[in-house]
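Given the sequences, and given the hints that come with them, work out the whole structure.
Protein chains in written order, with the numbering used here: chain A, 1 to 175; chain B, 1 to 784; chain C, 1 to 291.
If you are wondering where the hints come from, they were derived from the structure by calculation, not from laboratory data. Predicted, not measured: the structure shown is a model, and the values here were computed from it. Glycine included, every Cβ here is placed at the ideal spot set by N, Cα and C. It cannot be assumed that every hint is accurate.
As the list claims (entries may be wrong) - In the SDA-like style, the derived pairs of lysine to any residue whose C-alpha atoms are separated by at most 25 Å in a straight line are:
| hint | chain 1 | residue 1 | chain 2 | residue 2 |
| --- | --- | --- | --- | --- |
| 1 | B | K424 | B | S308 |
| 2 | B | K34 | A | H84 |
| 3 | C | K268 | B | A777 |
| 4 | B | K424 | B | P723 |
| 5 | C | K268 | B | Q696 |
Claimed, not checked - Each pair of labels, with its calculated beta carbon distance range:
| hint | chain 1 | residue 1 | chain 2 | residue 2 | range |
| --- | --- | --- | --- | --- | --- |
| 6 | A | D119 | B | Q432 | 40 to 46 Å |
| 7 | A | G54 | B | G478 | 40 to 46 Å |
| 8 | C | T158 | B | D702 | 18 to 24 Å |
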Amino acid sequence: MADITLRVNGATRTGSPEARKTLADFLRDDLNLTGTHLGCEHGVCGACTVIVDGRAVRSCLMLAVQAAGSEVTTVEGLAPDGEHGELGPLQQAMWDSHSFQCGFCTPGFVMQATAFLSDHPDAGEQQIREALSGNICRCTGYQSIIDGVLLAAQRNRTLRNRTPRNRETLSEERR
Amino acid sequence: MTAIAAERYTGASIKRSEDPRILTGAGRYVDDIKLPGMLHAAFVRSPMAHARVLSVDVSAARALPGVVAVLTGAELEAITVPGPDALMALVGWAGPTPEFTLLATDKVRLVGDPVAVVVAESRYLAEDGCELVEVEYDDLPPVVDAAFALDPGSPPLFANLGDNIARLHSRHEFGDVSATFARADRVTDLHIDVHRHQNVPMEGRGCVASYDPDSGVMTMHASTQSVHLTKIAVAMRLGMEQDKVRVLAGDIGGSFGLKIGASREELAVAAASRQIGRPVKWVEDRGENLTASGQAREESFDVRAAVSSDGDLLGLDVKMVVDTGSYPGTGAMVPDLMEAMLPGPYKLAAMGFESIGAITNKATYVAYRGPWASETFVRERVLDLIAKDLGLDPVEIRQRNVALRTDPPAVMITGRPLVGVTAKESLERVAQLVDFPAFRRRQAQARAQGRYLGIGVATFIEAAPGPRSPEGPSGPMGLESMRLRLTEDGIVVLFTGQMPHGQSHQTTLAQIAADEFGVPFEQVRVVVGDSAVVPFGLTGGSRSATMTGGVALHGARQLKAKVLDFAADLMEVSAQDLLITDGNVWVRGDPASAISVTEVAQRAASGPSGDGAAELEVEATYDGGEGGWSGGTHCAIVDVDAETGIVKVERYVAVEDCGALINPAVVEGQIRGGVAQGIGAVLLERSAYGEDGTFQSATFMDYLMPTACDVPRIEIEHLETVPLDADVNFRGVGEGGMIVAPPTVVNAIEDALSPFGVRIYEQHLPPARILELIAEADPGGERR
Amino acid sequence: MKLPEVEYEAPTTVAEAVDLLAEHGDEASVLAGGQSLIPLLALRLARPEVLIDINRVDELSGVSAADGHVTIGAMTREYVAEESGTVADTLPLLAAALPLIGHEAIRSRGTIGGSLAHADPAAELPAVARALDAEFVVRGPSGTRVIPAAQWFDGYLTTSRRPDELLVEVRFPAAGPGTGVSFEEVARRHGDFAIVGLAASLVLSGGVISDARLAFAGVSDVPVRATAAEDLLAGARPSAELFDEAARRATEDLDPPADLHGSSDYRKTVAAAVVRRGLRAAADNAARGSN
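Next comes the structure, spelled out in structure tokens:
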């Protein structure tokens, strides 16, 4: 076991995970951030997606010790006041679009879409579908999720057309 | 009397109250639960499909630091009450009842059969412990298909049954079968297969069982479709009184029929918790979910169709074999549902149906969204095949055979009246939304360029909950109950036994109650998931829209009456002069008289003269009213690559009638999710077993799920429905998409491949199979 | 599906990593991107005693071009290679293949060296390396070796890297003028491993093909060069008939594996289609480039 220090959702966190413990399990068990879900534990379903050093990754395919010194963002980091506070723009757009049903796949989709929109703010539907094709949802048939992402992108474009500074806000969300 | 309240929530796509927690990662699923002293369980599972268990040596596992207990099948039998599957017992199943144990004792009957449970400080350690358990197996010949299972020479999986028949052969006839077939212009014989596939919710099965030795109470945190059924199953098997078992459920990550009652593993975990005296968590991983949780749909059908030369489907005679897997339950019961539903919305003069269930060394057949769905697959395939034989258009043959809406309504040959069924209208509407002639032109042009486009339709009905029947409440699951209370904070609380796992009940039921009672949506709360607090209920069978929507409507009305009686005393007016709108009680015509519902509630709680609170609570039940059918017609356009066999669904249209919509976005989400599963079934998903019984699709690399690139935009049109009931015309919609999408897509694929002369008699069409079908139909390659 | 107990080392230099490999040999697995290895560990199919995590060996990352070659450090993330202007300009075949590897999240962690050392015959990068005759530079206790692609891929998930050697970098020849490429793949779903894939690179000058390089993914236990087809294409002019014949020659001796996703015959049939389509796309790509 090694002591590790990392930043999670903007706060410094420490722990002593076994080397074999995945980042997903460390987040859920050691840091009590249970928003990141385990859907397959072999890197296919995307439910465990978080953002590490600016990139969306499958946290079930990283060891916790590999995240030492990194910046990690989980779904809990997108809305600092949680369910009773203001949602991030993507979350709000997904709420408005009835994107989800049982919610188990949701955090993975939210994190993957957040990372994707940050790099491709003007992506069209087909690009979004391809970008999210590594996340599996069993409930929705995907259309409502795609609509949520499109709505978020559209709203962001409207904002950007008004104020040039909002691009920063979006990329900050990823960190 | 119809509702006075202005309907401003019902019928609107109100944003879900579930979503803030879902979107922020604050949902509480069973794996998120942490209790003090909690341990973790993992199962030792059989690598063989069929074998005797000669010995189980757990000594090394028990000695591993961090392992707290290891229990074998025999040890678990000693601390539990033997018995059959709880669900079968509940429905009074009279057929063969195999005796089976929670964990395997003397035999294993499927790959993944649990043999021992290891309980440790962490799941990591529990899995380490499992590796140290040594099991000696003696191979037995595996029974890998129904044909072998039905052979008297196959080794019986269950000694007490003596053979591998889960359900005895039975035959029923409706109408005059022999006369109908004798007079038919043609009789077609064919064989249709549906393949094994499975529910695959994103959250697998799991529970935290917490036994308190002091109080003798077992608290189960469950992922379930009914806290009460889970409670009954746990109490039965553990030999406990039901009021000593409390089942709690938070958010559920999908189920689609899988999580009903309690599985063998969950019961084992409960028993382990009681034995150890500490909470024990078990959450299945994806390998366990795919291998052992249960599978569905593996059915085969010998079909005889009696047809007139004009295309009338006069009669069907069907022999069904269902592969019920290793620990029979739902599979044995599903043929009855199929038989009842097979005629669909069509006029049939006669029907014969026989079935037999086979026990095999595969995962148990469980309910999967529309468990009887193969009846629609068989019937809609047969209609297309007949149409091709006779040179008829697929819409035309359906229009010819569909029952018209008459008064009194047409009756299915199997007995149920087709009240309010708009099948004919749905076919007409599809033909308006999809320009068939234009498609045929495009199809011809594409063929000239070596591209194969196809179009298919299929029509269905589902009993959601089904029409009012003389036998009692609509639908097979009885009266729906609900407790409604106005709390002292002025909140209208609905206590329901529904257990939403994606159905959005906390939003839809609140919409109905808010409208009926007269408070804002935010002033209604829906309580689910505590067997100590909610009445009996089950989310399943596409019934909640009617049954629970209805009890919410009528219950809210009853609660309102009670509240108005109290308010009338308070305000010294007659209750008939009072209204509740927007959260205020006021005298009709006198807005200044308004006092808030909250204030009324506070007054009730403190008692009008301080001598005890007035209880503003009602217990309501609902029998479904007039009930009714849901149904419709779906249409798919596909593009089949005849060189690689890859199929793309280019366009998908669903015309449907599910009565009045509570929340259109919720309804549409249910339909799209079901259609996606149907597309997955045809193009991607198969629970695959090798000839030696090995299981071949235990990861998501091999069990392929449809992704955002596999499911097109699904266009949905809601038909104007026929109201049947004065108040409650909401009907269920949960299962329809999954029932009708497979034949819709297969019909389209067959149409795409018709230049080759392909005929399709199966449901699973991966790329390799598409090329095989083309090669079989056109061996010389002349038509390519 | 939890990982089994394993010792863990995280060297920060190549020398340190090589020392660890010398010490543990075949008891050790090298952990690069983890996108292939960690699932195997989670499924308890791989049981190394020691994991040597090379993610902290910074000297293993980087893309550089010199003297007509492009050298990519083994730990270069797939997404970095995908975004690299050098790769886009000089290794168009690699650039064509990279977006087909899994999904973005996989490419966030997966590495060029890791994928090539894992050597899944159905993966995209081994076919690219085989097509371009890439060179694999390994370092062991006794020094550095350079292994050509033809010798690197030794069998199913097996390379000729010795247990005490570390793959340090992979060298590719830079594409010359007139090069057209394609990576044509048939997969069950977007992002899946290929049922059959073809890495194709052609040079067109004066409308005549020279230097045709074709390598299959998914038809054997290693990536396979379609040399008979390459010989046919050399010196010929692109045409549908030529590509049909190339497809026939490329596939007639194939004996692909059968699995859940297709029989051997199915893969052969698909391989032929992939050759036809891939050659058409590469030829078009070359023709566009020379305008």
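Can you name, in rising order, the numbers of the hints this structure does not satisfy? Checked against the structure, the only hint that fails is number 7, while the rest are satisfied.
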